[in-house]
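Given only the sequences and the hints, what does the whole structure look like? Please build it.
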Amino acid sequence: MKFTRSLTAAAVIAAASASTATHATELEVTHWWTSGGEAAAVAEFASAFNATGNTWVDGAIAGSGGVARPIIVSRIIGGDPMGATQLNHGRQAEELIEAGLLQDLTELAEAEGWADFVNPSGLLDSCTLDGKIYCVPVNIHSWEWIWLSHQAFEDAGVDVPSDWFEFVEAGPALEAAGKIPLAMGGQGWQQNGAFGVLQYGVGGVDLWRQVNVDKDAEAAAGPEMAKVFEAAAAARELAKDSNVQDWNQATNLVITGQAGGQIMGDWAQGEFQVAEQVAGEDYTCLPGLGVNEIISTGGDAFYFPKLDDPEQTAAQLELASLMISKPVQVAFNLKKGSLPIRGDIDLSAANDCMKKGLEILAAGGVVPTGDMVLTPDTQGQMEDLQTEFWSDLSMTAEEAQERFVDIISDAD
Amino acid sequence: MTTSENPGSIRRSASRAPFRPFRNLSAKFAAIPMILTALVVFVGGTLWTVVYSFTNSRLLPKADWVGFKQYDRLWGTRRWQVSIENLMIFGVCSLVLSLIIGFLLAALLDQKIRFEDTFRTIFLYPFAMSFIVTGLAWQWILNPSLGVQNVVRNLGWESFVFDPLNTSSIAIYGILIAALWQGTGFIMCLMLAGLRGIDEDIWKAARVDGIPTWKTYVFIVIPMMRPVFITTLVIIAAGIVKVYDLVVAQTSGGPGIASEVPAKYVYEKMFQSQNLAQGFAASTMMLLAVLIVLIPWAYLEFGGKRRG
Chain A
1 MKFTRSLTAA AVIAAASAST ATHATELEVT HWWTSGGEAA AVAEFASAFN ATGNTWVDGA
61 IAGSGGVARP IIVSRIIGGD PMGATQLNHG RQAEELIEAG LLQDLTELAE AEGWADFVNP
121 SGLLDSCTLD GKIYCVPVNI HSWEWIWLSH QAFEDAGVDV PSDWFEFVEA GPALEAAGKI
181 PLAMGGQGWQ QNGAFGVLQY GVGGVDLWRQ VNVDKDAEAA AGPEMAKVFE AAAAARELAK
241 DSNVQDWNQA TNLVITGQAG GQIMGDWAQG EFQVAEQVAG EDYTCLPGLG VNEIISTGGD
301 AFYFPKLDDP EQTAAQLELA SLMISKPVQV AFNLKKGSLP IRGDIDLSAA NDCMKKGLEI
361 LAAGGVVPTG DMVLTPDTQG QMEDLQTEFW SDLSMTAEEA QERFVDIISD AD
Chain B
1 MTTSENPGSI RRSASRAPFR PFRNLSAKFA AIPMILTALV VFVGGTLWTV VYSFTNSRLL
61 PKADWVGFKQ YDRLWGTRRW QVSIENLMIF GVCSLVLSLI IGFLLAALLD QKIRFEDTFR
121 TIFLYPFAMS FIVTGLAWQW ILNPSLGVQN VVRNLGWESF VFDPLNTSSI AIYGILIAAL
181 WQGTGFIMCL MLAGLRGIDE DIWKAARVDG IPTWKTYVFI VIPMMRPVFI TTLVIIAAGI
241 VKVYDLVVAQ TSGGPGIASE VPAKYVYEKM FQSQNLAQGF AASTMMLLAV LIVLIPWAYL
301 EFGGKRRG
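Here the protein sequences come in this chain order: A and B. Residues 1 to 412 (my numbering) are what the first sequence spells out, left to right. Residues 1 to 308 (my numbering) are what the second sequence spells out, left to right.
I should point out that these hints are in silico values taken from the structure, not numbers from a laboratory. Errors might be hidden in some of the hints.
[Said to hold, decoys possible] In silico lysine-lysine, DSS-like type, Cα no more than 25 Å apart, as pairs: (1) B:Lys-215 - B:Lys-204; (2) A:Lys-240 - A:Lys-215; (3) A:Lys-215 - B:Lys-112; (4) B:Lys-204 - B:Lys-112; (5) A:Lys-356 - A:Lys-326; (6) B:Lys-69 - A:Lys-306; (7) A:Lys-132 - A:Lys-326; (8) A:Lys-306 - A:Lys-335; (9) A:Lys-132 - B:Lys-62.
See below:
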């Protein structure tokens with residue numbers, strides 16, 4: 001059956017690319033992977049694509065997703081679409097799909113049987129709208145990690161905590177030793193992300209689902225949620241001396257032992273790697289804050305805008321099929337430090353933290369991310385609220401919760 | 001030039017210009033592209049924005065009418081309120097201070113001093129820099145561990161604290177400092193041009209009458225410079241409403257939302273939050289604010305002349 005699958009897949013691509021056999025097709029691919037490790041990972045895609053006889057035209061956009069997304073979206077809307085583009089899957093591309101601006105990949109996906117090997121299956125669901133598949137997930141990134149500096153805890157004379165509550169208890173000792181207990185970059189997305197992690201860790205997955213998936217305003221106003229906000233207020237207190245902006249500066253505080261820990265996604269791992277630190281010896285990573293061992297399955301996906309040229313359309317399908325193929329997935333994710341989206345490949349070269357992630361993934365401890373269930377509009381409102389809350393120590397947990405309830409009850 | 005081709009004009013009242021559509025035809029023809037641009041791009045775009053601010057448009061404009069819902073949400077949003085408050089503080093301070101400093105510098109330069117060209121160049125130089133460069137430079141100058149605070153502490157005043165950009169309550173003043181540094185040189189030049197336009201004889205007459213210099217400035221020269229002041233006012237006001245890049249470069253609206261400005265809200269709602277209608281509502285409010293300032297001024301300025 002696998003064999004017939006790949007045969008039909010080959011047929012789909014061959015039929016579409018019959019005319020491209022003789023000459024190469026150029027495809028411009030936009031993305032915002034510009035840091036060292038990221039660029040190396042993209043190069044894996046590019047060389048694999050070039051090996052098929054097509055040409056990868058790199059359209060890297062410097063800056064974060066927040067800078068790149070408006071450029072990408074306005075190019076697609078404005079009638080100057082690229083060949084393929086990175087976006088975070090979820091609701092960001094919803095309206096582009098509704099407007100018929102993106103390529104339908106269902107035929108290819110069915111032919112190759114994506115649904116059989118994409119793990120967790122939620123990744124493919126968030127690429128799907130009305131039963132049709134519009135994007136290729138390429139990696140899994142999760143937010144739910146806290147990174148702890150062994151040196152900082154050694155200097156403070158306390159053991160490296162094994163969960164969030166121990167971490168909070170160790171706070172005063174860290175402070176007494178002249179450390180910043182919690183490093184936190186002063187940007188809305190980081191503060192909102194950390195709050196999301198606290199929601200999973202302190203509030204639990206069920207509460208998170210009630211609030212973010214079902215948009216249950218009562219749950220958002222309830223006593224369980226109040227605990228989350230109190231935990232956030234405690235975290236804010238621990239982070240009050242942290243005056244850096246960018247996430248990697250905050251990670252650097254942890255690496256150098258000036259800060260006890262940082263709540264940040266698994267991309268922080270790349271920074272530890274560059275600094276030649278070893279997981280378990282120099283730093284510890286705790287998924288789900290060590291309380292609820294779960295990871296969310298956000299990540300990156302590629303979308304393919306509709307193009308007029310049939311040759312380019314064929315090349316798009318070829319690229320889509322390539323990105324999800326086994327060898328490319330392994331090569332790409334090892335460089336990127338992210339988890340692969342296929343359940344059927346072996347990543348023995350992965351480090352300790354990545355292995356923890358793979359184990360949780362295999363055990364099915366996965367949850368969707370905010371990107372998947374909330375509109376960018378709601379996310380923006382939450383970021384505004386969190387950045388105000390974290391920077392203004394006079395704003396109480398109750399006040400923040402009240403405004404949080406307003407946002408949830410307006411969300412769609 | 002009333003000719004028989006348009007006899008109706010004779011009966012019109014003398015104060016009105018006669019209607020002659022075919023006079024200066026080539027000039028009128030040449031103006032058509034600009035007229036079209038103005039009508040379609042500016043007026044048309046503005047109307048479109050206002051109309052769609054009453055819809056529920058997200059990423060793409062949709063004619064799904066929701067009345068004043070976007071405005072309700074806008075004014076209920078803490079970030080917008082902070083933005084407006086900041087714009088008020090920034091606007092008033094920057095208007096008053098850049099006029100005063102600009103005029104004082106111009107008056108000092110006008111004392112027939114030596115090396116006037118050199119000073120003029122130094123003062124005007126910041127204006128040649130983009131807001132992004134200005135913002136970054138001042139971010140470093142105001143950074144507590146690199147800039148002013150550090151320098152003063154190294155001089156021996158250990159407890160000196162000057163950290164506007166990381167202090168919520170005064171972050172907007174940190175931006176104001178950079179804006180003044182960038183803009184006052186240009187205001188000075190405009191003022192200097194105005195001062196040079198004042199006839200030497202007026203100064204001589206004032207001196208003969210024994211009027212002190214400061215009185216001559218306040219009661220004679222400044223009223224005579226009214227047109228220059230009005231031009232300056234318009235230039236400063238336009239700069240205030242659109243302030244955006246300076247904030248992005250210096251604080252990105254932080255700490256928290258303490259230095260947010262309306263233009264940044266509009267941009268972020270439209271392109272990052274993918275909520276066009278909310279951005280439209282915010283930009284319509286900005287337009288309204290500009291009109292509230294502009295209409296009375298235009299009425300006084302142009303309405304007055306017609307009566308005269």
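Numbers of unmet hints, in rising order: Violated: hints 2, 3, 6, 8.
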